[in-house]
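K.L.:
Guided by the hints, dock chains B and C onto chain A, whose structure is given.
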Amino acid sequence: MPRGVAITGMGIVSSIGLSMEENFQSLIERKTGISRLTNFSSKHADHIKVGEIKHTDQELAQLLGLGSAHSFTRTSLLGALAAKQALNDAGITDINAERTGLLSATSVAGMDYTEKYFQHFATDPELRKYINSHPAGDSSNKIASYLGLKGLVSTISTACSSAANAIMLGARLIEQGKLDRVLVGGSDALSKFTINGFHSLMILSDSDCQPFDQHRKGLNLGEAAAYLLLESDALLAKHPKKVHAYLSGYGNANDAYHQTASSETGEGAFLAMQKALEKADLAPIAIDYINAHGTATGNNDLSEGHALLRCFQQVPAFSSTKSYTGHTLAAAGAIEAVYSILALQSSCLFPTLNFQHKMEEFDLQPQTELQSKTINHVLSNSFGFGGNCSSLLFSKA
Amino acid sequence: MKNCYINGIGTIGIQHPDYKLLEQEPQALFARNQAQHPVYKELIPAASLRRMATGVKMGCYAAQLALQEAQQPALDAIICGTGQGCLQDSEKFLTAMIAQDEEYLTPTSFIQSTHNTVAAQIALQLQCHAYNFTYVQGGSSFESALFDGLNQLNYSNAQHILVGGVDEHAPQFDDLYTLAGNYKAEDEAVDFKNPTQGGVAQGEGANFFLLSQEQQANSYAQLLDVWLFNQPQRSIATEIMQFLSLNNLQSKDIDVLMLGYNADASQQAYFDAMAACFPETAIAYYQHISGSYDTASAYGLAAAAQVLKAQQFPAHLSYNSIKPNRLKTILLINQSRGTDYSFVLLTAC
Amino acid sequence: MAELKELLKEQIIDVLNLEDITVADIQDNDPLFGEGLGLDSIDALELIVLLDKEYGIKLADPKQGKEIFSSIQTLAQFVEQNRTK
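Residue numbers (our numbering), protein chains in the order written: chain A, 1 to 397; chain B, 1 to 349; chain C, 1 to 85.
The shape of chain A in the complex, shown without the other chains (with noise of 0.2 Å):
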């Protein structure tokens, strides 16, 4: 059978803690990230929480040690801070000494620094080096410079399936050969415009989210950045070193639906992670643990709910971190897949913070407390709109 793709290194910032170590403990310790909006001003800042990294844009930057005239935007920030930690996690000095590659993920990109500009820009010279960070492949290319790394880059955008989807691309590469190691995952930061985008929706809570509950009553939104670093196993004979885990199943399928909302029988969702245990070849009874999109919008937690119940004769244990840190959309594939990669470690199912119902529709009850357990097989999903599904299975080293 075959074992996966090689992840040596992980990196990862979010309203839980800049590093691997902050993040697990805040996971193990119920620490929530959830909190109200203070970075920037935005009408609704009183009647929604957020999962908001409480460092400024120029301490962002002077983490990472950017001159003034830098024209990183707040996804770059937090991307190339958690990019450059997964390099040291696997020891990587000289980056283009083999085929890297950099397959980033974003929704948001440079948008918070467009609307915050975009009516000065035509009278305010200073400010226009911010113009061309607005795109999403600009996010990337600001990583891989700040790297170093000059080899293929880029930048995958499938809604809040973005960094799960920069995941498997990445790993496809390494067994097609095409690379021998790529730097895969996701950032997007907080914006007025995305805030404004799923308050249109009517699908933000004004309390903390409530994940799989019967009374949720919507997400939060939430910012990060994670990469994983994948290497192939020539490489790694190559320069033997640590396996932190390998991504050994990978599932993307479109719901076609809706445009936002979900099937109700999940189909995009069961597709997807069929499909990664198909590639896995395991059978759905050798899954140990779910971490769950569970973004708690009543349609998503619905319809994953019962794509689950269809996928597995008996589900799995499975969590909703996002109690912990919001809905950091195309970065949440890649965070939940560092959470995931810490289960599987720790032989920790981390818990879902604040569950008080089961669902109606069926009985299906998140994990709400820590618990020690073995974990050999770790299922990720990431779903988004436009019917985007991708499922992500973790396998221990």
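Because the hints were derived from the structure by calculation, they are not lab data. Glycine residues also receive a C-beta, built at the ideal position from the N, C-alpha and C atoms. Heads up, a few of these hints could be off.
[What the hints assert, rightly or not] Simulated restraints, written as ranges between beta carbons of each label pair:
no., chain 1, residue 1, chain 2, residue 2, range
1, B, Ser156, C, Leu7, 23 to 33 Å
2, B, Arg234, A, Ser35, 40 to 50 Å
3, C, Pro62, A, Lys116, 23 to 33 Å
4, B, Asp175, A, Ser35, 49 to 59 Å
5, C, Asp61, B, Ala189, 56 to 66 Å
6, B, Ser48, C, Lys53, 49 to 59 Å
P.N.:
Quick look at chains B and C alone, frame taken from chain A:
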């Protein structure tokens, strides 16, 4: 390794929808160029059309054209590239948010502003549950999609894959990018051979391709290889030579080199350095026909595929004075402002 | 009431971009969603903003829209009873 053939092409752009590249001179290009639209209702349901901005309409329509030409095969993947995403709806939601101070905002333009809208709408219309992906990597967005599609045909059981690129105008973002120097000002002259001013002549369009493992009687060409990178490791010349040698080719094997010359004086040197690696090769250009946008290189591929299929090289594609001896192998190279480099290698069936 | 119904039809055609439909095409008791006009959940959200913006009516829960938006008749009645502007 299996094969990858281009069996269908759909193009919407600044030329008339019925424009025939091999037979007609293109319409003259200006500093800014709007797409010429077909009757979208012919191929897209009216109920879906009412919410679609230009790029989504162009993308869905071009996708349908490519599918029709290839006899509507069942798809194993839908893969889109877009440099700017759904810019019109982004602009609409953004300007409403600013003007209305975050009040009375409706979700439609927000929903349609997400980068994956075109690929998602195509899936929705075709009721296609297959692999669905959107790449947003500036000037190599389309090549990212093409690279993915080719790899899936080469290394998996996929039979038919729809790949495309789409980018649209949006008035206020156009002004911003002009301010940033990316685009030419409204009335500036456009000179592709000896540009003296910076900025490209902006266009818009959608170009879709149906890629299949199997060759058909009406296949356009065979796609051999695609590669993309952020920066040359040493020089563009070594990157080109490496790519050719990976494909067991030498520079003399390339019959036509198709470059993304874009009338931007500040980018001319990048293309000249590529051309310098092929001193005896016929060089073609295409952005004087398509206008320039992040995924215009997809039009370049459409042009190259038509040349190979018809075995004709129209004079209006010719950039230098060298005539190709034969029309077997075409190499497309592109870059955007010194990054997002791409190679696409194509051969006659 | 008749005037309000006409106005609502015009407003719906406008905000939902129903290009091929005229006021005369919409009967007062025709269902707006599903069959009939064929509107969907995104349209419902657009109509909720319309109620807020034009009539000063705030709906906190999109589920409330289901009955209110079932036809022009029900919508006009609801607006008449609840409008604040």
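K.L.:
If I claimed the Cβ atoms of Ser156 of chain B and Leu7 of chain C lie 23 to 33 Å apart, would that claim hold in this structure?
P.N.:
With Cβ atoms ~56 Å apart, the hint is violated.
K.L.:
Using the C-beta atoms of Asp175 of chain B and Ser35 of chain A, is the stated range 49 to 59 Å upheld?
P.N.:
Since Asp175 of chain B and Ser35 of chain A have Cβ atoms about 37 Å apart, the given range 49 to 59 Å is violated.
K.L.:
Just tell me: holds or violated, for the beta carbon distance of Asp61 of chain C and Ala189 of chain B against 56 to 66 Å?
P.N.:
Given a distance of about 58 Å, which is inside 56 to 66 Å, the answer is holds.
K.L.:
Quick one: are Arg234 of chain B and Ser35 of chain A within 40 to 50 Å, going by C-beta?
P.N.:
Cβ of Arg234 of chain B to Cβ of Ser35 of chain A: about 48 Å, so the range 40 to 50 Å holds.
K.L.:
Is 49 to 59 Å respected by the C-beta to C-beta distance linking Ser48 of chain B and Lys53 of chain C?
P.N.:
violated (25 Å)
K.L.:
Between Pro62 of chain C and Lys116 of chain A, does the beta-carbon spacing fit 23 to 33 Å?
P.N.:
Holds, at about 30 Å.
The structure is inconsistent with the numbered hints 1, 4 and 6, although it conforms to all the rest.
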